[in-house]
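**Student:** Residue numbers (the numbering used here): 364 to 833.
Just so you know, the hints here were simulated from the structure itself, not pulled from any lab data. Do not take every clue at face value.
[Said to hold, decoys possible] Listed next, with one range per pair, are the computed distances between beta-carbon atoms:
{"no.": "1", "residue 1": "I437", "residue 2": "Y748", "range": "51 to 59 Å"}
{"no.": "2", "residue 1": "E815", "residue 2": "L761", "range": "28 to 36 Å"}
{"no.": "3", "residue 1": "Q586", "residue 2": "I676", "range": "20 to 28 Å"}
{"no.": "4", "residue 1": "V797", "residue 2": "Y719", "range": "36 to 44 Å"}
{"no.": "5", "residue 1": "F722", "residue 2": "I477", "range": "56 to 64 Å"}
[Unchecked claim] Listed next, the in silico DSS-like pairs over lysine-lysine satisfying Cα-Cα at most 27 Å (straight line):
{"no.": "6", "residue 1": "K686", "residue 2": "K702"}
{"no.": "7", "residue 1": "K591", "residue 2": "K378"}
{"no.": "8", "residue 1": "K660", "residue 2": "K703"}
{"no.": "9", "residue 1": "K558", "residue 2": "K428"}
{"no.": "10", "residue 1": "K749", "residue 2": "K703"}
{"no.": "11", "residue 1": "K660", "residue 2": "K702"}
{"no.": "12", "residue 1": "K702", "residue 2": "K581"}
{"no.": "13", "residue 1": "K686", "residue 2": "K659"}
{"no.": "14", "residue 1": "K594", "residue 2": "K660"}
{"no.": "15", "residue 1": "K378", "residue 2": "K594"}
{"no.": "16", "residue 1": "K753", "residue 2": "K703"}
{"no.": "17", "residue 1": "K558", "residue 2": "K378"}
{"no.": "18", "residue 1": "K660", "residue 2": "K700"}
{"no.": "19", "residue 1": "K594", "residue 2": "K428"}
{"no.": "20", "residue 1": "K660", "residue 2": "K591"}
{"no.": "21", "residue 1": "K476", "residue 2": "K492"}
{"no.": "22", "residue 1": "K433", "residue 2": "K378"}
{"no.": "23", "residue 1": "K594", "residue 2": "K492"}
{"no.": "24", "residue 1": "K428", "residue 2": "K492"}
{"no.": "25", "residue 1": "K686", "residue 2": "K591"}
{"no.": "26", "residue 1": "K703", "residue 2": "K734"}
{"no.": "27", "residue 1": "K734", "residue 2": "K594"}
{"no.": "28", "residue 1": "K558", "residue 2": "K492"}
{"no.": "29", "residue 1": "K431", "residue 2": "K558"}
{"no.": "30", "residue 1": "K702", "residue 2": "K749"}
{"no.": "31", "residue 1": "K660", "residue 2": "K699"}
{"no.": "32", "residue 1": "K433", "residue 2": "K492"}
{"no.": "33", "residue 1": "K749", "residue 2": "K700"}
{"no.": "34", "residue 1": "K591", "residue 2": "K558"}
{"no.": "35", "residue 1": "K591", "residue 2": "K581"}
{"no.": "36", "residue 1": "K448", "residue 2": "K433"}
{"no.": "37", "residue 1": "K660", "residue 2": "K686"}
{"no.": "38", "residue 1": "K378", "residue 2": "K428"}
{"no.": "39", "residue 1": "K660", "residue 2": "K749"}
{"no.": "40", "residue 1": "K431", "residue 2": "K476"}
Each residue gets a CB set at the ideal place from its N, CA and C atoms; glycine is no exception.
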Amino acid sequence: MKLIFSETQNNVIDKIWVFGIILFSLSMLLYYLEVFTPNTFIFIQIWRVLFWFLNTLILSWYFYKNNKIKTGIILQLLSIPYFFKNDVSFLLDYNFTHYLYDFTWYKSSYIYKIINFLSLIVPFLYFVKHYFALENFNVSKKTKWLFPILITILLLNVIDIEVENTFGNFTFLNFNEPYMQDIFITVMEFINTFKILFGLIGFFYITNRFGGIKSIRKPIDEQFIDTKFFKWGFIISFFLLILTLLNLAQSIFTISIFSSKFDLSEVIKLVSNYFLLLYSGRFLGNLIQFRGYSLKKYFGIINVFTLIPIFNIFSFLVLLLTKRAENVTQYFLNLKKNKKLHLALYCLLLTAFLIYEYFTSEVKAINDLIKIPVFILAILLVAYYKIMTKIVPFAVVLFLYFEDVKHFFDFTEGYLIFFKDKIFSFLWLSSFGVFILYYVLYYVLHKSFYVEYPNSKNEENATVNIDKFN
Numbered sequence: 364m365k366l367i368f369s370e371t372q373n374n375v376i377d378k379i380w381v382f383g384i385i386l387f388s389l390s391m392l393l394y395y396l397e398v399f400t401p402n403t404f405i406f407i408q409i410w411r412v413l414f415w416f417l418n419t420l421i422l423s424w425y426f427y428k429n430n431k432i433k434t435g436i437i438l439q440l441l442s443i444p445y446f447f448k449n450d451v452s453f454l455l456d457y458n459f460t461h462y463l464y465d466f467t468w469y470k471s472s473y474i475y476k477i478i479n480f481l482s483l484i485v486p487f488l489y490f491v492k493h494y495f496a497l498e499n500f501n502v503s504k505k506t507k508w509l510f511p512i513l514i515t516i517l518l519l520n521v522i523d524i525e526v527e528n529t530f531g532n533f534t535f536l537n538f539n540e541p542y543m544q545d546i547f548i549t550v551m552e553f554i555n556t557f558k559i560l561f562g563l564i565g566f567f568y569i570t571n572r573f574g575g576i577k578s579i580r581k582p583i584d585e586q587f588i589d590t591k592f593f594k595w596g597f598i599i600s601f602f603l604l605i606l607t608l609l610n611l612a613q614s615i616f617t618i619s620i621f622s623s624k625f626d627l628s629e630v631i632k633l634v635s636n637y638f639l640l641l642y643s644g645r646f647l648g649n650l651i652q653f654r655g656y657s658l659k660k661y662f663g664i665i666n667v668f669t670l671i672p673i674f675n676i677f678s679f680l681v682l683l684l685t686k687r688a689e690n691v692t693q694y695f696l697n698l699k700k701n702k703k704l705h706l707a708l709y710c711l712l713l714t715a716f717l718i719y720e721y722f723t724s725e726v727k728a729i730n731d732l733i734k735i736p737v738f739i740l741a742i743l744l745v746a747y748y749k750i751m752t753k754i755v756p757f758a759v760v761l762f763l764y765f766e767d768v769k770h771f772f773d774f775t776e777g778y779l780i781f782f783k784d785k786i787f788s789f790l791w792l793s794s795f796g797v798f799i800l801y802y803v804l805y806y807v808l809h810k811s812f813y814v815e816y817p818n819s820k821n822e823e824n825a826t827v828n829i830d831k832f833n
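Please build the complete structure, drawing on both the sequences and the hints.
**Tutor:** Right, here's the structure in full:
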């Protein structure tokens, strides 16, 4: 099994609390400069330079901790144009406008778009190139060309580079006492520092997993999952799933409400959130399935709770602390009975929840009760057939949101208006996210219940498969 973290990654993780103190101190200094200094040119520029240094340090720190000082400095320097892209665009437009306007197709906005694209892509590709060179991943030829693309969009979730008024987002809050605002911002920046550190560790973990697999579609090879691997994998994949959902909601809201024009960085962040949601969900599903195979025990409904915050602590502890069963024959003999029992219990709990939801709802609709047979049929299908993970989630979404989806495919207004008003609207971007979310949900449910039974025809294959987890 590939190591949890490489030696170069551990160089960063071992003393990551030091990095956390640096990030928190810089963020509080930014707050001090913005709130307690005059709104003059000098202080504005000091704030912008410090903001650039803080955000670029998040990725450069990896190279500094591994004695690649030159690489880290170059990465920070390459990032300067992005954090000052408005100034660079204005400077170029001002000095070259009399040359460029000879071309009838030219518009001033083109310079900004080009600078925005290049200043975003160049430093990230530089990081990817040197990061992979230092990690020395031994990946397959099939996935090697995908790595720079996937890792680049993953990086956009590690740091949230927004060159705007950071603390202005909280102006809607009114504090009776000035010091209450200071306390609130301090707490928020403390939480944000943890988010960045956790995102960085998660990034190391995911890339290390990429380095040991042969297919992007399978985030974990079929292998024995020991306690250490499971502990890290569960914690990181679950919290990555939650953070991705929050980032996805923020990206959809930002694009739909505040973006008056096409913003490449926002769209890439949106795509990366979709990808991370899929990847972290598939990783978590495979992890709990293979953990059960490794322990030679059927956990069924216990696995289901892995997606529910607070309740998943119980699932985590059970899967972490359960001892491995040595009697494989007994494991196979009880599979059918255990599966039916766990599915029956799941359907009973689901029915009770939906009935409770119906009677406690102020507005009662018959569709709320129709959900019961639909959801029961859905779980039975994904529990017994692999192919159903590609059909059931989308069928369920269509059932729940049929009227909205029907309007989605209304092309009577024309294709251009369709893409402008619907594809990049809050309703439809979020609808696409709902499809992915339901896919992840039913994929984890499938992995929670699905097992292959040995019989006279496939007993030899079943034995070979289970031997992978010894």
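**Student:** All hints are to be evaluated individually against the structure, with a verdict given for each.
**Tutor:** Evaluated hints:
Distance hint for I437 and Y748: a CB-CB separation of about 52 Å, consistent with the stated range 51 to 59 Å. Roughly 29 Å separates the CB atoms of E815 and L761, a value that falls within the hinted 28 to 36 Å. The hinted window of 20 to 28 Å between Q586 and I676 holds, with their beta carbons roughly 26 Å apart. Between V797 and Y719, the C-beta spacing of about 23 Å breaks the proposed range 36 to 44 Å.
Between F722 and I477 the C-beta distance comes to about 59 Å, which sits within the given range of 56 to 64 Å. At most 27 Å may separate the alpha-carbon atoms for a hinted pair to count; K686 and K702 meet this at roughly 20 Å. Our distance criterion of 27 Å between C-alpha atoms is met by K591 and K378, whose separation comes to about 20 Å. As the CA atoms of K660 and K703 are separated by approximately 15 Å, the hinted pair is consistent with the 27 Å bound.
The straight-line distance between the Cα atoms of K558 and K428 is roughly 20 Å, inside the 27 Å bound, and the hint therefore holds. A threshold of 27 Å between alpha carbons decides the hint, and for K749 with K703 the separation of about 17 Å falls inside it, so the pair holds. Distance hint between K660 and K702 is fulfilled; the C-alpha atoms sit about 11 Å from each other, no more than 27 Å. The straight-line distance between the Cα atoms of K702 and K581 is roughly 24 Å, inside the 27 Å bound, and the hint therefore holds.
With a C-alpha separation of about 9 Å, the suggested pairing of K686 with K659 holds against the 27 Å cut-off. Note on K594 and K660: the hinted pairing holds, with a Cα-Cα distance of about 18 Å set against a maximum of 27 Å. The suggested pairing of K378 with K594 holds, with an alpha-carbon distance near 20 Å, which does not exceed 27 Å. In summary, the hint linking K753 to K703 is supported, as the alpha carbons are separated by about 23 Å, within the 27 Å threshold.
The hinted pair formed by K558 and K378 meets the criterion: a straight-line CA distance of about 16 Å does not exceed 27 Å. For the suggested pair K660 and K700, the alpha carbons sit about 13 Å apart, so the restraint of at most 27 Å is met. Proximity of K594 to K428 is assessed by CA-CA distance (about 26 Å); at most 27 Å being required, the pair is judged to hold. For the suggested pair K660 and K591, the alpha carbons sit about 18 Å apart, so the restraint of at most 27 Å is met.
Only pairs whose Cα atoms come within 27 Å are accepted, and K476 paired with K492 is accepted, the gap being roughly 24 Å. Proximity of K433 to K378 is assessed by CA-CA distance (about 21 Å); at most 27 Å being required, the pair is judged to hold. As the CA atoms of K594 and K492 are separated by approximately 30 Å, the hinted pair breaks the 27 Å bound. Between K428 and K492 the alpha-carbon distance is near 17 Å, which keeps this suggested pair within the 27 Å criterion.
In summary, the hint linking K686 to K591 is supported, as the alpha carbons are separated by about 14 Å, within the 27 Å threshold. A hinted pair counts as satisfied when its Cα atoms are at most 27 Å apart, and K703 with K734 qualifies at roughly 21 Å. Taking the CA atoms of K734 and K594, the gap is near 35 Å; set against the 27 Å cutoff, the hint is violated. A threshold of 27 Å between alpha carbons decides the hint, and for K558 with K492 the separation of about 25 Å falls inside it, so the pair holds.
Pair hint K431 plus K558 holds up; C-alpha atoms about 25 Å apart against a cutoff of 27 Å. For the given pair, K702 sits about 15 Å from K749 by alpha-carbon distance, which is consistent with the 27 Å threshold. For the suggested pair K660 and K699, the alpha carbons sit about 12 Å apart, so the restraint of at most 27 Å is met. Between K433 and K492, the direct Cα distance comes to roughly 14 Å. Compliance with the 27 Å bound is thereby established for this hinted pair.
Taking the CA atoms of K749 and K700, the gap is about 20 Å. The hint holds against a cut of 27 Å. Simply put, K591 and K558 have alpha-carbon atoms about 22 Å apart, close enough for the 27 Å limit, and the pair holds. Between the alpha carbons of K591 and K581 the distance comes to roughly 20 Å, so the proposed pair stays at or under 27 Å and holds. A distance of roughly 24 Å separates the Cα atoms of K448 and K433; the hinted pair therefore holds under the 27 Å criterion.
With a C-alpha separation of about 9 Å, the suggested pair K660 and K686 falls inside the 27 Å cut-off, and the hint holds. Between K378 and K428 the CA atoms are separated by roughly 10 Å; this keeps the pair inside 27 Å, and the hint holds. With a CA separation close to 20 Å, the supplied pair K660 and K749 stays within the 27 Å bound. Restraint check: the Cα-Cα separation between K431 and K476 comes to about 32 Å, which exceeds 27 Å; the hinted pair is violated.
The earlier numbered hints that this structure contradicts are 4, 23, 27 and 40.
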